[in-house]
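Trainee: If you want the building blocks of each chain, they are given just below.
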Amino acid sequence: MNTGILEFLTVFVLAVFVGIEVISAVPSVLHTPLMSGSNAIHGIVLVGTILIMGEAHGAVQLTLAFFAVLLATLNIVGGFVVTDRMLEMFKAKPADRAKKAEDAPVDDGPGGPTGGAR
Amino acid sequence: MSLDTGIDLVYLLAAIGFILALKGLGSPKYARNGNLLAAAAAVVAVGMTFAYPEVRAHTLNLVLTLVAMVIGAAVAVPAARKVKMTAMPQMVAIFNGVGGGAAALISLVYFLIEAPTKPAVYHIVEVIFGVLVGCVSFAGSAIAFAKLQELMTGRPVTYPAQQVINAIVGVAIVGLAVATVVTANVPLLVATAVLALVLGVIFVLPIGGADVPVLISLLNAFTGLAVAASGFTLDNNLLIIAGTLVGASGILLTRMMSKAMGRSLANVLFSAFGSVVTAAGGADGTGETRTVRTGTPEDIGVLLAYARKVVIIPGYGLAVAQAQHTARELADLLMERGVEVFYAIHPVAGRMPGHMNVLLAEANVPYDELKEMDEANPEMATADVALVVGANDTVNPAAKNTPGSPIYGMPIINADEAENIVFLKRSMRPGFAGIDNDLLFDDKTTLLFGDAKDTLAKLVAAVKAA
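Sequence lines, in order, name chains B and X. Counted from 1, the first sequence has number 33 at position 33 by the working numbering; the numbering is strictly sequential. Counted from 1, the second sequence has number 1269 at position 269 by the working numbering; the numbering is strictly sequential.
Incorrect hints may appear among the rest.
Unchecked claim - What the simulated footprint calls covered on chain B by chain X, stretch by stretch (three residues with Cβ under 8 Å from a Cβ of chain X suffice, anywhere in the stretch; the number is not a length):
1. 9-23
2. 37-44
3. 52-61
4. 65-76
5. 81-87
Stated by the list, open to error - With beta-carbon atoms standing in for the labels, derived distance ranges:
6. T63(B) - P1378(X): 51 to 61 Å
7. V1171(X) - E7(B): 28 to 38 Å
8. D1368(X) - I5(B): 46 to 56 Å
9. A1087(X) - E7(B): 37 to 47 Å
10. I5(B) - V1194(X): 26 to 36 Å
11. N1033(X) - E21(B): 13 to 23 Å
12. I1071(X) - I5(B): 34 to 44 Å
13. S24(B) - L1012(X): 20 to 30 Å
14. M1428(X) - I5(B): 52 to 62 Å
15. V13(B) - T1294(X): 54 to 64 Å
16. S24(B) - A1172(X): 32 to 42 Å
17. G1409(X) - I5(B): 24 to 34 Å
18. L6(B) - A1161(X): 39 to 49 Å
19. P1116(X) - I5(B): 19 to 29 Å
These are computed hints drawn from the structure, not numbers from a lab. For each residue, glycine too, the CB sits at the ideal point set by N, CA and C.
If we strip away everything but chain B, and leave its shape as in the complex, we get (with noise of 0.2 Å):
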């Protein structure tokens, strides 16, 4: 067997501990935006298709390619943004947190006791 595949073979199986390692303690909020995360990377398929066209030759080759170009430029561009529009929405919490702690001990002192008595 050609020494080639048996590097990238090294690289497959460590890559997929890897992946299995970096994910082990994800909670559970977070797995949506982990898999469209995800679902963003391997848009970098992109770079295969890029150079798969630099070698196509023809019609139908070139089609070929051009929709391989024009599907992975969907995946990659539409995944990244639609992920950050996603993990954008548990951002401005600190400043709302903030706000509650604030508000908080009002409503607990009197509010909580006369909730219960009413």
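With chain B held as given, fit chain X onto it using these hints.
Mentor: The following block gives chain X in isolation, referenced to the frame of chain B:
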């Protein structure tokens, strides 16, 4: 340093970026930076690819590449920006599917170029793997999209001799694949690709709507593996690493998700879920004759206003009605009155794990008011009111009590333990899993029919008046 080495080094940096990005995506603090890091790594890697002389050798090819990229970006950016957060699962399915399609096309074009020279067997195997997995992911994602977008029924689609047909297609693909390896014949590969598309469709059709999120995660992993196969074909380490990372983590994520539903992955994919659903559908008639108690918004408003502890259990119905802001308004109002309020989030509430968290975060619900199922359940017994908004299957006690039920074993939020249960529902129609919910007929249960946003707004008014 040669140009190739330089490019490979940049690819290595990009690969490191992807690994760190995935790690970051797993923690709330670094998730957004993780995504931005991955995007930056991708931009650098794609930009560097143009340094290859082969890529720039033919003007026509280069122009086609750039035009395709411009069109792709021009379509993807507005689509991703404008999509409603409720429709996000479909969007992810589509972006995933096109990635699989791109990977399959790479393998196909490579084979068209190389077939006349009779490439080495392992190269043909890589090509076939890329084409097969890419096509299955592409066609499967398209069907998943159609199911979620409600272009077709969300129910499992079954037909006579389904297993036999699947087996025939499977065997035919194996046969064609072997023949392709032996002969390096292009039409045979094309036939394999077409059958793989068919396989993608028939693989997804029998999977019920409630299981589609798990399926999307699995197809995401498939696309990752197809991309890795393209990497082998093109001798490109970056594609191998990125694709494999997604493939491995995606399969793990898929297992986590099916675990959250209390089922094994095999059960999600191949169970006879369909037939049980049909049986439950037939039982609908008897279900409808049982009596339910409906309440007025005023009654329920008073119940809520004078409760000590209210647990809001949101489901997809809240999301489709875009009622997350109104739900927050109600929660804030109750909290102002001193009622203890939190949201109990089932892991698969909405249509994807974590989907509900995203939707509520969009409505600026503070993170600490969201409780995961495991955290919420011990508190349910002390809750005065469980307010179930547009959820059904995730509170269905059948998952605990009815061994024959298709959702038996799925962990649920124990709404049945609360002192009062209020359902805001559009109708008596069963939930996504298509089965009846006994909790609706419970003595402690009050129903309020209507669009979640309208009913919540009425409750807000009623609580203000109380």
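Trainee: It remains to establish, for every hint, whether it holds in the given structure.
Mentor: Here's how the hints hold up against the structure:
1. 9-23: Per the Cβ count (10), the hint holds.
2. 37-44: Holds, because 8 residues of the segment 37-44 of chain B bring their Cβ atoms closer than 8 Å to Cβ atoms of chain X.
3. 52-61: With 8 residues in contact (Cβ-Cβ under 8 Å with chain X), the coverage given for the segment 52-61 of chain B holds.
4. 65-76: holds (count 12)
5. 81-87: Our answer is that it holds, as 7 residues pass the Cβ test (under 8 Å) against chain X, meeting three.
6. T63(B) - P1378(X): 51 to 61 Å: holds, 60 Å
7. V1171(X) - E7(B): 28 to 38 Å: holds, 34 Å
8. D1368(X) - I5(B): 46 to 56 Å: About 52 Å separates the Cβ atoms of D1368(X) and I5(B), which means 46 to 56 Å holds.
9. A1087(X) - E7(B): 37 to 47 Å: holds, 43 Å
10. I5(B) - V1194(X): 26 to 36 Å: holds, 28 Å
11. N1033(X) - E21(B): 13 to 23 Å: Holds, at about 20 Å.
12. I1071(X) - I5(B): 34 to 44 Å: holds, 35 Å
13. S24(B) - L1012(X): 20 to 30 Å: holds, 24 Å
14. M1428(X) - I5(B): 52 to 62 Å: With Cβ atoms ~60 Å apart, the hint holds.
15. V13(B) - T1294(X): 54 to 64 Å: Given a distance of about 60 Å, which is inside 54 to 64 Å, the answer is holds.
16. S24(B) - A1172(X): 32 to 42 Å: Given about 38 Å between the Cβ atoms, the range holds.
17. G1409(X) - I5(B): 24 to 34 Å: Roughly 43 Å apart at Cβ, these two residues miss the hinted range, so it is violated.
18. L6(B) - A1161(X): 39 to 49 Å: holds, 44 Å
19. P1116(X) - I5(B): 19 to 29 Å: Between P1116(X) and I5(B), where Cβ atoms are some 21 Å apart, the hint holds.
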